[in-house]
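Residue numbers (the working numbering), protein chains in the order written: chain S, 1 to 166; chain C, 1001 to 1635.
Honestly, the hints are just simulated from the structure, not real lab data. C-beta atoms are modelled at their ideal positions from N, C-alpha and C, and glycine is treated no differently. Just to be clear, a hint being listed does not mean it is correct.
Pair by pair, the computed Cβ-Cβ distance ranges are [claimed, not checked]: (1) C/THR1632 - S/GLU75: 54 to 64 Å; (2) C/ASN1473 - S/ALA161: 48 to 58 Å; (3) S/VAL51 - C/SER1274: 27 to 37 Å; (4) S/GLU75 - C/LYS1469: 39 to 49 Å.
Dumping the calculated EDC-like pairs for lysine to aspartate or glutamate here, alpha-carbon to alpha-carbon at most 16 Å [said to hold, decoys possible]: (5) C/LYS1238 - S/GLU10; (6) S/LYS47 - C/ASP1156; (7) C/LYS1114 - C/ASP1050; (8) C/LYS1620 - C/ASP1547; (9) C/LYS1599 - C/ASP1612; (10) S/LYS41 - C/ASP1379; (11) S/LYS41 - C/ASP1156; (12) S/LYS41 - C/ASP1154; (13) C/LYS1607 - C/ASP1478; (14) C/LYS1299 - C/GLU1276; (15) C/LYS1234 - S/GLU127; (16) C/LYS1231 - S/GLU45; (17) C/LYS1607 - C/ASP1582; (18) S/LYS47 - S/ASP84; (19) C/LYS1238 - C/GLU1271; (20) C/LYS1416 - C/ASP1574; (21) C/LYS1114 - C/ASP1011; (22) C/LYS1600 - C/GLU1489; (23) C/LYS1300 - C/ASP1368; (24) C/LYS1299 - S/GLU45; (25) C/LYS1028 - C/ASP1612; (26) C/LYS1209 - S/GLU27; (27) C/LYS1221 - S/GLU75; (28) C/LYS1221 - S/GLU10; (29) S/LYS157 - C/GLU1277; (30) C/LYS1238 - S/GLU127; (31) S/LYS47 - C/ASP1155.
Derived list of chain C stretches under chain S, where covered just means 3 residues or more per stretch with a C-beta under 8 Å from a C-beta of chain S [as the list claims (entries may be wrong)]: (32) 1135 to 1141; (33) 1269 to 1282; (34) 1294 to 1308; (35) 1340 to 1349; (36) 1480 to 1492; (37) 1587 to 1596.
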Amino acid sequence: MSKILVINPEKCTGCRLCEQVCSVKHERVVNFYRARIRVVKWEMEGKILPVVCQQCEDAPCMAACPAHAIARNPETGALEVNYDLCIGCRTCMNVCPFGAMGFDWVTNRVIKCDLCGGDPQCARFCETGAILYVDKAELSGIKQRKGAESLMDLMTKVTTAISAAG
Amino acid sequence: MALSRKIAYIDLTNRRVRTAPIPLEMRKLYLGGRGLDMYLLYNHVKPGADPLGPDNVALVSAGLLTGTLATASARTHVAGKSPLTGFVGSANMGGFFGPELRMAGFDHLVITGKADGPVYLWIHDGEIEIRDASHLWGRDAHQTQTMVRQELGDDDIQVMTIGVAGENLVRFACVMTSLKNAAGRTGMGALWGSKNLKAIAARGRMDIKLAFPEEALEYNKEIITQVTSAKVSKTMQKLGTLFIWGTTNSTGLVRVRNFQSNQIPYADDIEPESIEEEMIGTAGCFGCQVHCRGRYFIKKGPYTGAYVEGPEYTSLGAFGAEVGCTTKQTVLVGNHLVNMYGLDTLETGSMIAWAMELFEKGILTEKDTDGLDLRFGNDEAVIEAVHQIAQRRGIGDILAEGPLKAAEKIGKDAIKYLIHVKGMSNLHSDERPTPALALNIATASRGSDHLRSRPAIDLYHLPEKVLRKIYGNPVPYDGPLTSDYRDYEGKPWEVIWQEMCYEAVDCLGICKYHTVFLGPNMPNFSEWPRLIQLNTGLELTSKDIWDCADRAYTLERLFNLREGLTREMDWLPDRYFDEKTDRGLPVVRGKSIDREEFKKMIDEYYKLHEWDEKGRPTKKKLEALGLQDEPTHKL
């Protein structure tokens, strides 16, 4: 069963450890610019959103690639760039709706999340649960429980308010 | 390598920048961060220099491991001669600036002279530009960061800045980055203001190369697990440092109404759990899994809708117990104001609390305060006093001078009510029942302060065997050690060990919540050699690291002695000896510090340090550390 990265922005503390371990895992250096994941912040407004490849089922990057250089790894489910075929045109960057396709100016190559071959370091190091690596089969259950929790919270508040009002 | 980063000498008077490599030999002696900053301070500040004059230097640095795979390697150090105390000025902050500075190519900045108008520095990929900051002058710390980011066209730029308090030379103004990270103590913001230095912006694309990346990644995971598996970290993840206030208040170890009690009852609204209700989550500094900063929106009053981070333990004291207030609205707003103005929350709260006691005693009257009713518990007056201090209006103009200068201006008996050491106010804690913690504040190199040497784990009643294991490494210690925090015996060594431990993390650029501060099982001298080796390739033993810390701490002592420090200043305010605690658990009630016992502690502390009876490092000690010829002007 293949697994997938799930982002829970409300749990993200903005520490950028994911960016750090990602760049070390892939490039052996610490460099925010060379990480496959980016924690985007609107700092003064208190908004945070980690951006990373969603490994889309019908992936625009794969469809748009004129060199057919992007393919799905059958073992991990990750969309990977075959650099032997890649011509470096960056069309994939233009079509990705998430901005998750990156470009490494040191190697002059597009870069993207490859799920670290099945052990994504961002999820491994993130202890808050903002980045999870879960079985696709469990995905619905996780989201349903999360939705139910906020609904239950709301209902409890309403019930308490009604009973308090007598 | 991480060690390839340079030092930059920035002369603001002549607008000249010179850069140089940092010799490996200096790394082996001082590591980096606070350690090398102390070397630079001792070497670049002329004796007797005016802290607010062009002769003072403003130092900024990243630690040896800042930005590397060393858990919470987020710290930036800021230093200079303190405008508050005239002694060592040194403050440390979290956030993201330090790692960004390193990625921009620099580890140390030595800023001298004075610009002829407001300027800010723009540091990127090995380049440093001095830019006009006239349009930023007068802006608060948050606006300034936003404006710099917009001007330079990059939201990920990290900015250190002063607020209006620093511009107005408030002697306890701080340097800020992000929403709430403050290099808070010793008035570094006033030092920047005196140089017309408004901000420093950094953005870097340069690789931080690691010596052994795969191994460093795995070891980082191990260290993170060691840190976050501790119960204290789990509590911090939820409540931040507020939890400390909750526990110490219930014990009776907080400062209330300046120094009139040690516990505040009926304060449910400012209990950590009550403040937690306001939080929408927590924020972490670079790479940190403890993420101790609360995030909240202000829901009432003139700042409604403002996004804020904090408050911490210190703001609970500053805008709560110290000033006799018990509403969280005051704490939340007060915290927001000091962050925007760039004021040290601790000193601000202490100065207001002190003024309130003077008001209560009739030393200050409404005539002196222009009608401001400085009664304890007057929430509105507390908030107004914050504005007045930052803007130097009314009584605020006097309070902005810091404890000793303000006491001199007010005259009468005002000095009697100050809770300070060496001209710096104490944390909002009461150390009368805890001699070890009292020794810490009396001797700390930057004045009354808990982050220099507080043996906080002394409060845990740990078995002697455990204490021996911690405090016997890497330097063997076979003197007394006791589990009882009310004891005087054996505590001086705990204070010295913590001095070295905190100095070391400040040199490395790691947060204190990731070493033996609040948790006894946290990484320390045992783990650091491997952490340093895997990330930088530098081979150092635990004892080498201890010696680096000792060398830097001794230089701090030498600096202070050169600036007029005497043995009498390693001492507590009289009230610690003369007034007894009136509340709290039976074990802490009715306590005061015993003068004779405390004198013995100081003697023992000096002896263990190999300082003479006047607190001066002996020739033998200086030679052992290779400091006999300082200043040597190698950097």
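Quick rundown of the hints versus the structure:
no.	hint	in the structure
1	C/THR1632 - S/GLU75: 54 to 64 Å	60 Å, holds
2	C/ASN1473 - S/ALA161: 48 to 58 Å	57 Å, holds
3	S/VAL51 - C/SER1274: 27 to 37 Å	35 Å, holds
4	S/GLU75 - C/LYS1469: 39 to 49 Å	47 Å, holds
5	C/LYS1238 - S/GLU10	14 Å, holds
6	S/LYS47 - C/ASP1156	13 Å, holds
7	C/LYS1114 - C/ASP1050	13 Å, holds
8	C/LYS1620 - C/ASP1547	14 Å, holds
9	C/LYS1599 - C/ASP1612	14 Å, holds
10	S/LYS41 - C/ASP1379	34 Å, violated
11	S/LYS41 - C/ASP1156	8 Å, holds
12	S/LYS41 - C/ASP1154	12 Å, holds
13	C/LYS1607 - C/ASP1478	15 Å, holds
14	C/LYS1299 - C/GLU1276	14 Å, holds
15	C/LYS1234 - S/GLU127	11 Å, holds
16	C/LYS1231 - S/GLU45	31 Å, violated
17	C/LYS1607 - C/ASP1582	34 Å, violated
18	S/LYS47 - S/ASP84	39 Å, violated
19	C/LYS1238 - C/GLU1271	14 Å, holds
20	C/LYS1416 - C/ASP1574	8 Å, holds
21	C/LYS1114 - C/ASP1011	8 Å, holds
22	C/LYS1600 - C/GLU1489	9 Å, holds
23	C/LYS1300 - C/ASP1368	31 Å, violated
24	C/LYS1299 - S/GLU45	14 Å, holds
25	C/LYS1028 - C/ASP1612	27 Å, violated
26	C/LYS1209 - S/GLU27	9 Å, holds
27	C/LYS1221 - S/GLU75	26 Å, violated
28	C/LYS1221 - S/GLU10	23 Å, violated
29	S/LYS157 - C/GLU1277	14 Å, holds
30	C/LYS1238 - S/GLU127	13 Å, holds
31	S/LYS47 - C/ASP1155	13 Å, holds
32	1135 to 1141	violated (count 0)
33	1269 to 1282	holds (count 3)
34	1294 to 1308	holds (count 3)
35	1340 to 1349	violated (count 0)
36	1480 to 1492	violated (count 0)
37	1587 to 1596	violated (count 0)
When the structure is compared with the earlier hints, violations turn up for hints 10, 16, 17, 18, 23, 25, 27, 28, 32, 35, 36, 37 and for no others.
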